[in-house]
Amino acid sequence: MANISTLNSTAAGFDAVSPQVAGPSGRKPRKVLSRRNIILYGLLIVAALYYLLPLYVMIVTSMKGMPEIRMGNIFSPPMEITFEPWAKAWASACTGLNCDGLSRGFWNSVRILVPSVLVSIAVASVSGYALANWRFKGSELFFSILIIGAFIPYQVMIYPIVIILRELGIYGTLTGLVIVHTIFGMPILTLLFRNYFTSLPEELFKAARIDGAGFWQIYFRIMLPMALPIFVVAMILQVTGIWNDFLFGVVFTRPDSYPMTVQLNNIVNSVQGVKEYNVNMAATLLTGAVPLIVYFVSGRLFVRGIAAGAVKG
Amino acid sequence: MAPHSSAGRPSQLFKNLNSKIALIPMMLVALVVFLGGTVWTVVYSFTRSGLLPRLSFVGLDQYERLWAAPRWIISIQNLAIYGILSLIFSLVIGFVLAALMDQKIRFENTFRTIFLYPFALSFIVTGLVWQWILNPEFGVQSIVRSLGWSTFEFDPLYNSDIVIYGILIAGLWQGTGLVMCLMLAGLRGIDEDIWKASRVDGIPMWKTYVLIIIPMMRPVFITTLVLIASGIVKVYDLVVAQTSGGPGIASEVPAKYVYDYMFQAQNLGQGFAASTMMLVTVAIIIIPWAYLEFGGKKRG
Amino acid sequence: MANSVSIRKLSLSFGAVTVLKDLNLDIRDGEFIVLLGSSGCGKSTLLNCIAGLLEPTEGQIFIKDRNVTWEEPKDRGIGMVFQSYALYPQITVEKNLSFGLQVAKVPKPEIDKRVARAAEILQIGPLLKRRPAALSGGQRQRVAIGRALVRDVDVFLFDEPLSNLDAKLRSELRVEIKRLHQSLKNTMIYVTHDQIEALTLADRIAIMKNGVIQQLDDPIAIYNKPRNLFVAGFIGSPSMNFLRGELIETGGKTVFRTNGVDFSLDGYEANGPLAAGRQVVLGLRPEHIGIDQPEADRELHQAVVDIEEPMGADNLLWLKHAGHTMSVRIAGARRYAPGSQVRMSFDMRLASLFDAQTEDRI
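Chains as they are written, first to last, in my numbering: chain A, 1 to 313; chain B, 1 to 300; chain C, 1 to 362.
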C-alpha cells in the first residue's frame, strides 16, 4: 500500500508544471509493522482472546462426549463432534424429578419476555414523553425519586412487592412478574425516553399544539413515529435484561413456570447424579443464545442503549 | 374587556390532566414501591418478624444478631474485597482498552463486539462458564499441570481463601466491556484540538493521557465508578451460579444473605436488617456522588 | 381600525427571573409588527405567550377582541412559523400541511382545497409528495409557512423564520413574506434579531430590551427619531456616533459642547426646552454627516481621516475630531487617503439628543 502511493506521487511529480526538487515528497511512507502497531494490536489481540476464551470453551465442551472430557483438556477441540449434549440439554436434562430439559424454561421465558417487554416499554415511553413535553408541578420530583430508586438494591424493595402482589392476588402469576419487570425497568427506560424526547426540537411539539393536536395525538402521530430508533434501543435493553433476570424469576414465579436462567442454574448446580459437563455447557449456551443473538444482530444500537442508560444514570 | 378575576382560572389540578393520568404508573412506582417499599423494609427491620412480617419492635436486636453472625461478616468482607478489586481492575482495564481502541485502529467494531459480548450474557451463564473453566480437575489448573508445572495450584472455587478471586475473574470478564464502552465514549467526547495541541507541543502520548485526558474525563470516571459500585452491591446471581456461596460459606455475599433469610430460612427480620445494611452501603456511595454532581449547581 | 391583537399588562417570570414586565401592545388589523431585540430580550417569549405556548404570570391577551389568555393554542386563530421549521419529519409535505386540519376534523375536500391553495401561493406544488428531509432549507421554510396558511387564521406568528437560512435565501424569502402579507392582508407578528428584516418588513417595529418594549413606531421614525439611547444604538449599521458632552449657553443660543468643541444645534427639534448645563449625548448617524459639502447655514468642522473602509456602493470613513472617532458614510466613488484633512458638516434636523442620565430623547 505504502509503496504504491509513493509511486503515484512521484508519477504526479513528472506531470507537474514546475519540477520538484529532491527530498521528501507526498505522503510519508509508513511501515505497517511499526513497533507501535505491534504493541497496540498485540495487546488488543491478547485481550480479545481472553474475552473469547469462555465462549470457545463452552462451544467446544458442548460438542464433546463425556469420555473425551474426562480425558483431559478443556481447550482442545472435539475429536468427535456430537450434538447429543445439545439434544439432551434441550429435551431431557433433569432438575430434581423433572426431566424435560431446558425447553420448558425457554418457553416460560418467552411467555414472560413478550408481555414484560411490551408493557414496560409502553408505560415508560408514555411517561418519558409526558416528562419531556408536559411537565407539571411535581413531575420532576417524582422522576427524581424514580431515578434515585434505580440505585436502591432490589433486595430492599422485594418483600414489600411480594406483599402488594399477594394482596392483589397475583403473586406467583405471570401478570405479577410482568408488573415486577415493568416496575424495575421503569427508571432506566423512562430516563431513556425522556432524554430522547427532550432532545427532539421543542418547536416540533409547539407546532403540533398549534395544529390543535392533544396529548395522545401528539404522542401517537408525531412522537412515536420519530422515536422508532429509541424504541429499538429500549427493546434490546429489555429483551436482554429480562431474559437474563434470575432474582425476580426465583422470587416471583412458581417452580413449574421458572424462567430459563433459573432452570439452567438448577440443572447445572443440581447435586444429584453424575455431572455431565457437556450437557451443562450446551444448556448454558442455549440460555445465553437469545441475548447473544440480540447483541450480534443489533450491534451499535446495543452499545447506544447501554451507554444512553448508563452515562446519564 | 374587564380584567378577569382569578376565580375563573381553570383549576391547577386539571391542568395537563392527560399528562397526570399518563404518569400515574410512574408516580405509583416512585411513591409506593420505591419510597414506600424502602421505608417499609427499614421499619420492619426493627421488628421481630419471622415467618411473617409483624409489627412488634425489638429495637436494634436484628442488627446485633446480624453483626454477630459469622456468615454476615464473611459476606461483608467478600463484598469489600470483591468491590474494591473489581472497581480498580475494571476501571484500569476498561480505560486501557478504551485508550487502545481510540488509536484509530482497524477492525474497531470487531474488537468492540468481542470485548462487550459478555455483557449481554447473564450472570448465571457467566458464573457457570467460569465454574467450568476454573474446575481444578479439567480446567486451567489441570492444563497448566499437564504442561509440566505439576505443582501448580489454582483452584479458587474449591479453596475458601481465594474463592472470591475466582468470582472476581468472572465478574471482570462480564463487566469490563461496559466500562470500556463508557470510557471510549468519554475519550471520543474530548475535543480533537486537545490532541492536536499536544502533538504540536510535542507532549508524549502517555503523558497527555495522564496529565490532560484523564483529568478531563473526571465526570466519566465518577459516573462509571458509581455505576459499577451500585452494581457490585447487588451482586447475587453470579455467586449463586458459580459457587452457591461455597465452599462452605466462603463466598457468601450480602444479597444472597438477604434472599436466603427472607425466602428460605423464613427469618424476615434478619432479611430486612441485612437489606437495610445494603441500602446504607449504597447510600454511602451515592450520596457523596449526588452531592458532587448536583449539590453545586441549583436545580431548575 | 380594529385591534387584531392586544396585550394588556402582560408579565411573565420563571421563578425569580422576570422575562416580560407589565407589557402593553396593540396591534391593528392587517398590520405587520416586528418584535426586534437581541437574544434574551423577551421577544420570543412574548410571541410564545401570544401563541398560548407559554402561560403569562399576569395580564391578558386578546385576539380579535376575544380574551384568549386561557385558551389552547389551537383555539386562538393563529398560525406559527418556527426558526427550525418544525416540520414533522416522518410524513410528506402534503400530510404536514393537512395534519392540523385532520386533527380539527375538517372534511377531506376542504382540506384538499386549502392545501392546493397554499401550495399554489407558495409554489410548493411539486414538493407535496416529498418528505421534509428531501427539501432544501428555503423549501422547508415555505412548507412551514404553508402550514400556517392552510389553517386560515387571523394572525400569523413568525419566530425568527429566516435565521437558519443563508444570506441569499434569506433576502429572497423576505421579499416573499412581504408579498404574502400584501396579498393576504393578515395580521403578522414577526420576531427577529435582524434589523434589516425588521426595517424592510414592518409596518411598525417594537424594539424590546429586558422584557420591556423600548419603542413602538414605524421603521422611519425608529430610525430617525429613536426614543432612547438603546434604540438609537441598536438600529443602524454602522452604529450611530455618540458624543458625550453638555449643553452650553453662548451668544443667546444653546450649543452642544464636547471636549471644548462647540456644535451648533440649529435645526434640532427638541421635545422641550434645552436647559444649559445639562449632561447630554449627541447622536449622529454616519450618513447624516456631510464631508466637504459646504452649505450656507451649516458650520464646518475640521477633521482628519483615520481609516477608510471602501464597501463598494458606500465608502466608510473613520474621522478624528474633538477627541472622538466618528464614522461617516459617503458615496463609494469619493475616496480619501488616511491622514487627509476634511471638513464635516452636520444636519441637525436628523440628529438625536439624549439625556446622559435617563438616556431618553430630549
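Note that these hints are calculated values from the structure, not bench results. Since this is a predicted model, take the numbers as computed values, not measurements. Don't take every hint at face value.
Unchecked claim - Okay, derived cross-link-like pairs now, SDA-like style, lysine to any residue, Cα gap no bigger than 20 Å in a straight line:
#, chain 1, residue 1, chain 2, residue 2
1, C, 74, A, 147
2, B, 20, A, 220
3, C, 95, A, 212
4, C, 95, C, 105
5, B, 234, A, 147
6, C, 74, B, 19
7, B, 15, C, 59
8, C, 320, C, 306
9, B, 15, C, 13
10, A, 137, B, 282
11, C, 74, B, 16
As the list claims (entries may be wrong) - So the derived label-pair ranges between C-beta atoms look like this:
#, chain 1, residue 1, chain 2, residue 2, range
12, C, 75, A, 225, 56 to 66 Å
13, B, 32, C, 38, 46 to 56 Å
14, A, 115, B, 244, 43 to 53 Å
15, C, 271, B, 293, 52 to 62 Å
16, A, 115, B, 55, 29 to 39 Å
17, A, 224, B, 293, 42 to 52 Å
18, C, 164, B, 292, 30 to 40 Å
19, C, 164, A, 226, 49 to 59 Å
20, B, 15, A, 115, 32 to 42 Å
Just so you know, even glycine gets a beta-carbon here, dropped at the ideal spot from N, CA and C.
Against the structure, the hints come out as follows:
no. : hint                           : in the structure
1   : 74(C) with 147(A)              : violated (35 Å)
2   : 20(B) with 220(A)              : holds (17 Å)
3   : 95(C) with 212(A)              : holds (15 Å)
4   : 95(C) with 105(C)              : holds (14 Å)
5   : 234(B) with 147(A)             : holds (17 Å)
6   : 74(C) with 19(B)               : holds (18 Å)
7   : 15(B) with 59(C)               : holds (19 Å)
8   : 320(C) with 306(C)             : holds (6 Å)
9   : 15(B) with 13(C)               : holds (19 Å)
10  : 137(A) with 282(B)             : violated (29 Å)
11  : 74(C) with 16(B)               : holds (15 Å)
12  : 75(C) with 225(A): 56 to 66 Å  : violated (26 Å)
13  : 32(B) with 38(C): 46 to 56 Å   : holds (49 Å)
14  : 115(A) with 244(B): 43 to 53 Å : violated (31 Å)
15  : 271(C) with 293(B): 52 to 62 Å : holds (56 Å)
16  : 115(A) with 55(B): 29 to 39 Å  : holds (36 Å)
17  : 224(A) with 293(B): 42 to 52 Å : violated (32 Å)
18  : 164(C) with 292(B): 30 to 40 Å : holds (38 Å)
19  : 164(C) with 226(A): 49 to 59 Å : violated (19 Å)
20  : 15(B) with 115(A): 32 to 42 Å  : holds (34 Å)
Against the hints set out earlier in the document, violations occur for numbers 1, 10, 12, 14, 17, 19.
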